[in-house]
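Go ahead and model the full structure; you've got the sequences and the hints to work with.
Top to bottom, those sequences are chains A and B. In terms of our numbering, the first sequence has 183 at position 183, counting the first letter as 1, and numbering is strictly consecutive. One gets our numbering by counting positions in the second sequence from 1 and adding 1000 to each.
Since the hints were derived computationally from the structure, they do not count as laboratory data. A hint or two may mislead.
Now the stretches of chain B that chain A is said to cover, found in silico as 3 or more residues with beta-carbon under 8 Å [unchecked claim]:
no., stretch
1, 1032-1043
2, 1223-1235
Restraint ranges, calculated between C-beta atoms of paired labels, are given here [stated by the list, open to error]:
no., chain 1, residue 1, chain 2, residue 2, range
3, A, 31, B, 1131, 49 to 57 Å
4, B, 1107, A, 33, 12 to 20 Å
5, A, 127, B, 1237, 55 to 63 Å
6, A, 141, B, 1237, 53 to 61 Å
7, A, 206, B, 1189, 47 to 55 Å
8, B, 1131, A, 141, 53 to 61 Å
9, A, 1, B, 1035, 33 to 41 Å
10, A, 141, B, 1135, 57 to 65 Å
11, B, 1189, A, 190, 35 to 43 Å
12, A, 190, B, 1061, 38 to 46 Å
13, B, 1236, A, 75, 31 to 39 Å
A virtual CB, placed ideally from N, CA and C, is assigned to each residue, including glycine.
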Amino acid sequence: MLKTLWMGLAATAITLGMAFPFSYWLARYVRPGLQKPLLVLVIVPFWTSYLLRVYSWLNILGDTGVVNSFLKWLGIRHQIVLWLGHAHDQPLSLLNSRWSVVVVLVYLYFPFAALTLYSSIDRFDWDQLLAAMDLGASPLRAVRKILVPQIRPGIVAAVIFVFIPILGEYLAPQIVGGVDGIMIGNQIDEFQKYALYARASALSLLVASFIVLLLVLFRKSLSVKEAYGA
Amino acid sequence: MAREAGVLAPRARAARGLLTAYGLFIYVFLFAPIVLLVLFSFNKNQYGSFPITGWTLTWYHQVFGDPVIQDALRTTLKVGGWVTLISVVLGTAAAFPLVRAGLKFPAGFRVAFTLPIMIPGILIGISLLIFFRQALHVQTSPTTAIIGQSLYTTPFVLLLVAARLQGFDRNLERAASDLGANAFNRLRLVVLPLIFPAILAGALFAFTLSFDEFVITYFIIGGYNTLPIFIYTQIKYGITPEVNALAALVLVTSILLFSLAFILPPAFRLARRGIRSMRGHREVVREPVAVTEH
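Right under this line is the structure:
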């Protein structure tokens, strides 16, 4: 339970941390004519099957996957493995941990965050930032004091759009999480498998009410429907 | 913003360069998994991974020759067809009261209608499983999967059609009524042609979502396979290049279908406008599309 919240928050924080500079770059430094095509490009992976987007990470994180082969090819896998305290040269096990789940979650929900953030940064008046810097603010300080407060609704919406689906995540932990990466969704499934229907229902209801609560509380920030591609 | 780059010399340019590099990195991050998947599906290496030992189409031959996959494809298409039909009919019908009935709490209804999109698939899947098994005592089968998927796809059609209805000029219907059209003819000759692009987009959306749906389906399809479910059961035995090939095919299909959902409806409108302008102006009265489309 707590672990799900913790993993969800970590994944949400990383997703937003990655999406903010990206959206900032897209809205500020890319030619206006190119912005829309580049934005569509962000959504394209999202048009593919959710199962396959998780599955494709097995090719990357698996024992014979891209990361392992690459490190081996560089000749430094051995050192890393030894450094981690293993006696023999063995594949680096990157799967089956809560961290592999977080990586995949960030990948899955990055488009939500990028889209939502972009649409609010896009409406920002850049002259205000320049004015702040003329008055002596450093660029980072100007961004923090001028830009961030103005796009706060967008940030809230992005957090909600990323956090809610993560709460009910089932497949990513199932495929890349192992025992360590188990989340509420998998717990519900476990209950159901052992015919503990009352427990499964109770936990489902809990998650669903929490989500509805979040939606109601933040309904003002959530009018951005296009975040779901619809 | 060329203007500021000139004003704020080197540091600003460095920030810009850094962010551009970062932007490119993000695209690599987003596309690498997908590209690698497709790449590995042509790889001779039978572990479906690096190193790439040569190029081959063997895995694709295996995919097309596999009777289990053919069976899964048939189920996928059958389920997808029914889901599309059900969600288009229900979603379009539900869009009318949502937009036009003057409901007391429109926002509340809207949220309620979109809940199936926001509620995680695992909750829908398991609650339906318990509902079918414990409450209705029916066996899970493709039929129950069709019901479950429709629950999830209908809101997409609803939202698309409702958005189109919202921008609909009701004077057109009043005009048709003045000219003697009854309710059925108004719907058939005025309203449906105007909202058809949204319905078409909704249908494509519904089909693609159904084609890719895994979590809900997994719980309520019983012993049957759709393509995603077949892939999932294979993953348990490790990655094989054959699954990579099937995955690549499914991936490309859904990207194409989604692109169609975005390209086709506007193209359809354009084409119809083209036909109208060829027919000349007298047709305008019979083709109400002409009046509103700018």
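Outcome of the hint check:
1. 1032-1043: Three-residue rule met by the stretch 1032-1043 of chain B, so holds; n is 6.
2. 1223-1235: That given contact holds, which follows from 4 residues of the stretch 1223-1235 of chain B lying within Cβ reach (below 8 Å) of chain A.
3. A:31 with B:1131: 49 to 57 Å: holds, 52 Å
4. B:1107 with A:33: 12 to 20 Å: violated, 36 Å
5. A:127 with B:1237: 55 to 63 Å: holds, 59 Å
6. A:141 with B:1237: 53 to 61 Å: Holds - the Cβ-Cβ distance for residue 141 of chain A and residue 1237 of chain B, about 55 Å, lies within 53 to 61 Å.
7. A:206 with B:1189: 47 to 55 Å: holds, 51 Å
8. B:1131 with A:141: 53 to 61 Å: holds, 55 Å
9. A:1 with B:1035: 33 to 41 Å: Since residue 1 of chain A and residue 1035 of chain B have Cβ atoms about 37 Å apart, the given range 33 to 41 Å holds.
10. A:141 with B:1135: 57 to 65 Å: Once the Cβ atoms are compared, 59 Å apart, the range 57 to 65 Å for residue 1135 of chain B and residue 141 of chain A holds.
11. B:1189 with A:190: 35 to 43 Å: Since residue 1189 of chain B and residue 190 of chain A have Cβ atoms about 56 Å apart, the given range 35 to 43 Å is violated.
12. A:190 with B:1061: 38 to 46 Å: holds, 39 Å
13. B:1236 with A:75: 31 to 39 Å: holds, 33 Å
This entry does not satisfy hints 4 and 11, going by the numbered hints stated previously.
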